[in-house]
Amino acid sequence: MVYEIEVFPRPPLQDAVGRAAVSQAADLHLKGIRDVASSRVYYLKSAMTAAEAARAARALMADPVSEMFRLRADGGAWSGEAPEHVAGRKAMLVTRKAGVMDPVAGSLVSAVKDLGLAIEAAHTGTRYYVEGSPDEGALERLAWRVLANDCIEDVVADGKPFEFREGRPYVFQQRQVPIRELSDGELERLSRQSHLFLSLAEMQAIRDHYRGLGREPSDIELETLAQTWSEHCVHKTMKGVIEYNGTETIDNLLKSTIARATRELARPWCVSVFEDNAGVVRFDDEHNVCFKVETHNHPSAIEPYGGAATGIGGCIRDPMGTGLGARPILNTDVFCFAPPDTDPETLPQGALHPKRVMRGVVSGVRDYGNRMGIPTANGSVYFDERYLGNPLVYCGVVGIMPKDKSFKQTRTGDLAVVVGGRTGRDGIHGATFSSAELTETSDTEFSHAVQIGDAITQKRMLDALLQARDRGLYSAITDCGAGGLSSSVGEMGAELGARVHLDRVPLKYAGLSYTEIWISEAQERMTISVPPERLDEIMALFASEDVEATVIGEFTDTRRLELFYGGQKVGELDMGFLHNGVPRQRRTATWTAPSHDEPRASRKKNFGKDLHAILKSWNVCSKHWIIRQYDHEVQGTSVIKPLVGPGEDGPGDAAVIAPVYGSTRGLAVGNGMNPKYSDIDPYAMAAAGIDEALRNVVAVGGDPSQTCILDNFCWGNCEKPDRLGGLVRAAKACYDVAKAYGTPFVSGKDSLNNEYQTAGGTIAIPGTLLVSAMAIVPDVRCTATSDLKRDGSVLYLVGVTKDELGGSHYWAQKGKIGRRAPLPDLATAPKVFAAMHAAIRGGLVRSCHDLSEGGLAVAAAEMALAGRLGAEIVLSKVQRDGDVTRDEQILFSESTTRFLVEVDRLKSSEFEKTLYGVVRSQIGTVNDTGRLKVIGLKGEAVIDESIDALRESWLRPLDW
Amino acid sequence: MPPKALVLRTAGTNCDRESEYAFGKAGAVAERVHVNRLIAEPQLLDGYQILCLPGGFSYGDDLGAGRVLASQLVVHLRDRLAAFIGGGKLVIGICNGFQVLVKTGLLPGPVAEGESPMAQTTTVTYNDSGKFEDRWVHLRVDTDHCVFLRKGELLYLPVAHGEGKVIPRDKAHREALERLGRVALRYVGPDGEDAPGYPGNPNGSLGDIAGMTDATGHVFGLMPHPERHLSGYQHPQWTRLGAKDEGDGLRVFTRAVEFFA
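So the protein sequences, as listed, match chains A and B.
Just so you know, we're using my numbering here: the first sequence kicks off at 404 and counts up by one.
Just so you know, we're using my numbering here: the second sequence kicks off at 898 and counts up by one.
Next up, chain A with everything else stripped away, as it sits in the complex (with noise of 0.2 Å):
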C-alpha cells in the first residue's frame, strides 16, 4: 500500500512556501500568476492500516494546531481535511528523483518505526497549487525556474499517481579499456567521453605504464587515476613548470612562492602545513586549532542550494579529518554573484539567475552549518557582472583539536572502515567536473555531479568520531572527498598499500557498479584506520551513536592499491605511479600590464551623492540579511560579532570567539579580496587582499605576530597564457607581502577553471584571490569594535593616503577602472600592524575600523551610522604622498595598511606614543549632532550628511 499524507498550513496562518514562490515568479516577471498556496506531501510504503496511517500522520507530519491534513491510499479517494482555496486551482508536485538524497524520508522512516508501525520506505514531496491565469509558457518556468531544479527534482503533474522507484540490481561485470594501442586523437577523445579531463601527455604517460604492464587498464584503474591526478586533487597547474614571460621558467609556483614564505619565515606555532586536510597552528598549551577554505563553484552553479550545502559540509570534513580529528568552530563564508538586479531577459542559455542563485547558496549554507552547530560568524559577498554562470562559493571551517591529537599514522594491518553515510550515484565525477569549465549543457550533463547534504547524518558522525578519537580507537583518518573512497584510501593507503572489497559498502539502493562505488563522492563520509584489536569497541560507540560503519578493506604493506569485487580483483595500482606517476605540466604564461584611462579629475565641491551610492553599492551595503540568517553564536564562543554598535546592525571587522570554555584566549577569523584591482594588476589585487585580510583581524586586536593566513585562487581557465600570467603576477605577491608581514600561508586550495561559454562566446571571471586570516587574540577583553562610542572622542588616522582610486569604488560608479591600484608599502605596514595591535591590547582605542572599499569617506560613514554618533574630520590634516592634491582622492583613495581609530582625547598621547614612528594624524572629532561632516582641502564642507540617511542607503538595498 502506498499511503499520500498532504499537510496543509491551517487558515489563516500563512503559508510560507507559497508566498516565496509568488516572490520569486514576480522577481523574473512571470505573468497571471495571482497566488501560491504549498502542502507538504509524504508517501509511505507500507503494510499498515489507514487507522494507523492516520496516527502516524498526527503523532509526526501534521502538527495538530498549526495544520491539516488529508490522506488517501493508493491515489484513491482523501479522507481528512484540505483547505477551501486550493480546490480548482492548477497542482504541481515536486518531489526529488529517485536517488537523490532525502534526509526527510530518512528520519520519517525511522521515527514511524519508532511508533511501532511497520513501513518500507517514504519519500516526501511538496506540492503546488497555483491561481491565476498563467499560460504553459509562464507555468513552465514557474516550475523549473522558482519551485524544482531539473538535477535533482521532478514535476508531477496532477492527477499522475506516485510510484516508488527501485535500483535495479547491479549484475557484476568486469571492464576492461583498451588504451594500448590508441592514437593520440583516440586518447584525448577517450579522456572526454569518459569525463576523464585528463590532457593528452596525462593519456600518454597511463599507456604507456600499461604498455610496460602487458595488458589492458581495467575500468576501475583508469578512472582512480583521473581523480587522483584531477586537477582538482594534485594542482598540476601550481605545482607544474611555468615559462613566464619568456623571461622565467618557475618551477613549481606554489613551493617558490606561497610555501616559500612558509618556509623562509619558519614560524615555531606552525604546527602542520600544506600537509594534512587543513593547516595546523597553536592555540595554547593544551590545543591546537585548524583552519581550512574550500569553494564548491561548479556544483553552486547548476544547484545553488545543493551545492553550496555540500560545500560547506565537505569543508566541514576538513579539520574533522585533521589530524586525529578537529572539533569545528567557526564557519566563514565568501560568496561572489552577478548584480541581484540583472536583467532575467539577458541571461545566458542555461545560467541560473544571480538572485536565485544568491538565496538558494545562502539558504544551502545556512542550513547545513546551523544544523551541525558550528557559528558562522564571518564572510563577505563580492559582486561582479563576470560571476554570471559561475559564482564563487567560498567555505572556511575552524577546527580545534588536543595538542597530541594533531598527527596520524597509519599502520600495516590497520582495517580500513568507511564510517557514516551511505554511498550512492551521487557526485560521481565531482573532481573532473570541478576541473572543467561550465558550459550550456553542464547543468544536464553534470547534474549526477550534484549532491543534496544531509547535516545530521555529519553531525552524528562527529559527535561519535570525537569520542572514538578521545578514547584512542583509530590510526588515521581522512574525508571522502572529491575522488570519495578512491582518494581517502589511495591517500592513507600511499605508503602502506591498502586492499579494499568493494561490494562490503553498504549502499543506498541497488545498482551501482564497483566503479561507481570507488568514486562516488556521496556526502557525510569519513574513512578512518583501526587497528584490528580496537575494532569492537569502536563499532559499539558508533552503534550506540546511530553511525553506520563498516569494515571494506585492510591496509598492506605491499605498496599496491588492489580492489575486489565479489571476491574478484578488478583492479591494481602501483601506489607510486598513481601518486609520483602524473607527468609534469610545462604551460606558458604571459602578462602584460592593461592600458585604462586614468579618469579626469572632478571638479565637484560635493560628495554627499557619491558616498550615498557607494554605500548601496552590492558590495559596500549591509549584508544583514544574509548574516542573521546564520547561527553566529552557537557553541557560546562569541565575543566580537559580525554586527556591532547600539543597534546591532553595523558592520564588523572580524569575528572573535574564545573556544575554550572559561579561558580569555580567542582567536580573531578575517578575510580580504579585491577582484576589481585584478583588472589593473593581479600582483596588487592579492596583495591588498592579504592586507585587507590582516587589517581586520587587526582591527579587532588580533596579533599579526601570531597570523596565519590561507589563499584561495579562483581563477579563469589557465591554459590560457593570460589568464596564467595574471596568476602568477599574484602568486608572487603573495610571497613578497606574506615573508614581510611575517604571516606564512599555512593551507590553500585554487579553482582554474571558471569559465562559462556561451553560444556568445566565452565569461572569464576576474582573477579573485580569497585570502582568510586566523588570529590569535591574546586576551578577548581586549578587543575592539568600529562602532564610535563617545562624544568628544578624537578620530585619528593611521596609514598613509596616496593616489590610488584605480579600481576603487568611487570610480566604479562611474563605470571607470584607472591605472594606479592600491599598493602596499612592505617596509612600513607590519610597523603600522605591530603598533596599531599595541594600541588595542593597551586600552586605548574606543573603535577601529580598517579603510577599505570606498576608502576614508565609508569608514567613517560605517562608524558614525553603526555608534549612532556624528563625527567632523578635516581633510587638510590627513597625512597624504605629494600628489594626493584633491578632495575625492583623500575621501576614496583605497590605499591599504590604513586605520580610522577612536581614541578618547585625555588618551590621546599615550595613543600617539604607542604609534611612536607610524604615519598618524588627529583628522577629526566624534559629536552627537548626528551628522557626518568632512571638511574639504578649501576649507568648505565637502561632505554632510545626515547619519540616519546614510545608514538607511547602507541597510535598504538587500533587505529581503
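Think of the hints as simulated: they come from the structure by calculation, not from any bench.
Glycine included, each C-beta is placed from N, C-alpha and C at the ideal position.
One or more of the hints may lead you astray.
[Unchecked claim] Far from chain A by the CB rule (all over 10 Å, computed), these chain B residues:
id, residue
1, Leu974
2, Asp1041
3, Leu1077
4, Ala1140
5, Ala1158
[To be verified] Now the stretches of chain A that chain B is said to cover, found in silico as 3 or more residues with beta-carbon under 8 Å:
id, segment
6, 466-474
7, 774-781
8, 941-953
9, 1020-1034
10, 1079-1092
Keeping the supplied structure of chain A fixed, place chain B upon it in accordance with the hints.
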C-alpha cells in the same frame, strides 16, 4: 551536594556542550547523555535532579522542530518523565528543547481538570519573517511561580531559530495560559514595555510569548538561549557599555541549582 543535571542529546543536538558548561558554572554537576542510552536504561534519570533539553536541530527538525524527539519521549519515557516532574525535580528546554516540550504537551501542560498531561495544546511554528534569524531580544518575566525566574526581572538574550512563533490552540486557551501564569517570559521593548513589534518580537509569537512554564513551575521552556549569555563578554554591546560581571542567562541556571540547596 550539588544537584546533578542530565543534558539530553541526540542526533542534531548542538547546544549540549554550552548547556553542560552553564550548569557547571552555576554549581551543578552536568552530564551529557544520549537519548538512546536513556531509552535503554530509563532508571538513569533517577540519579538526576535536573533534566535539560538543549538547543539544536534534533533529527534535523525534518518533520517540524522537535517533533521526532517529542514523539520518542512520549512513546518511551512518558511515565518516567511524569514521575520525575511529580517528584519535585526540574526540567528546562531551550530553543529546540522548548519546541520538544511543547510538542510533548508537557508545556504549557493541562489547564483544566481531566486534561491529559502529555497532549499537545500549543505549538511553536515558522517565524513570520519566513526565515531563520539570529538576534538579541529583551525579555520580561511575567510569572511568579517558575523556579528558574523572578517575576518582573528583565533579561537580554539571543534568539537563533526559524521556528519560534508560539501559537496556543485558541483564544480561550491563550487566556487561560495568561490567567494561570503559564506565560513565563515575554518579548518586550528595551525598557520592559509591552508589544515591541518586529524585530523585538522576532518571530510573531502570539502575545509576545517567549517562554512558558507548567502548573508546578518546575518545567520551563524558552526560545532564547540563556546559555549564550553567561559572561559579560558575550553581550553584543560590551565594547560600548562595559562588561558586566556575569551575563543575564547565568541566573536561569543558578536558580535551578539554588532550588536544591
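We went through each hint and held it up to the structure:
A cut-off of 10 Å between C-beta atoms confirms that leucine 974 of chain B is not in contact with chain A; the least separation is 12 Å. Remark: the non-interface label on aspartate 1041 of chain B is consistent with the geometry, its nearest Cβ contact in chain A lying 27 Å away (cut-off 10 Å). In this structure leucine 1077 of chain B is separated from chain A by more than 10 Å, as the shortest Cβ-Cβ distance comes to about 18 Å. Consistency note on alanine 1140 of chain B: stated as away from chain A, yet its beta-carbon is not over 10 Å from all of that chain's, at 7 Å minimum.
At roughly 23 Å from the closest C-beta of chain A, the C-beta of alanine 1158 of chain B stays outside 10 Å, upholding its exclusion from the interface. Check on the segment 466-474 of chain A: 4 of its residues sit with their Cβ under 8 Å from a Cβ of chain B, so the three-residue criterion for coverage holds. With 3 residues having a Cβ less than 8 Å from any Cβ of chain B, the segment 774-781 of chain A passes the three-residue criterion, so the hint holds. Three residues within the 8 Å Cβ limit are the bar, and the segment 941-953 of chain A against chain B gives 3, so the coverage statement holds.
Residue count for the segment 1020-1034 of chain A with a Cβ under 8 Å from a Cβ of chain B: 5. That meets the three needed, and the coverage hint holds. Counting residues of the segment 1079-1092 of chain A whose beta-carbon sits less than 8 Å from any beta-carbon of chain B gives 0, not enough to reach three: the coverage restraint is violated.
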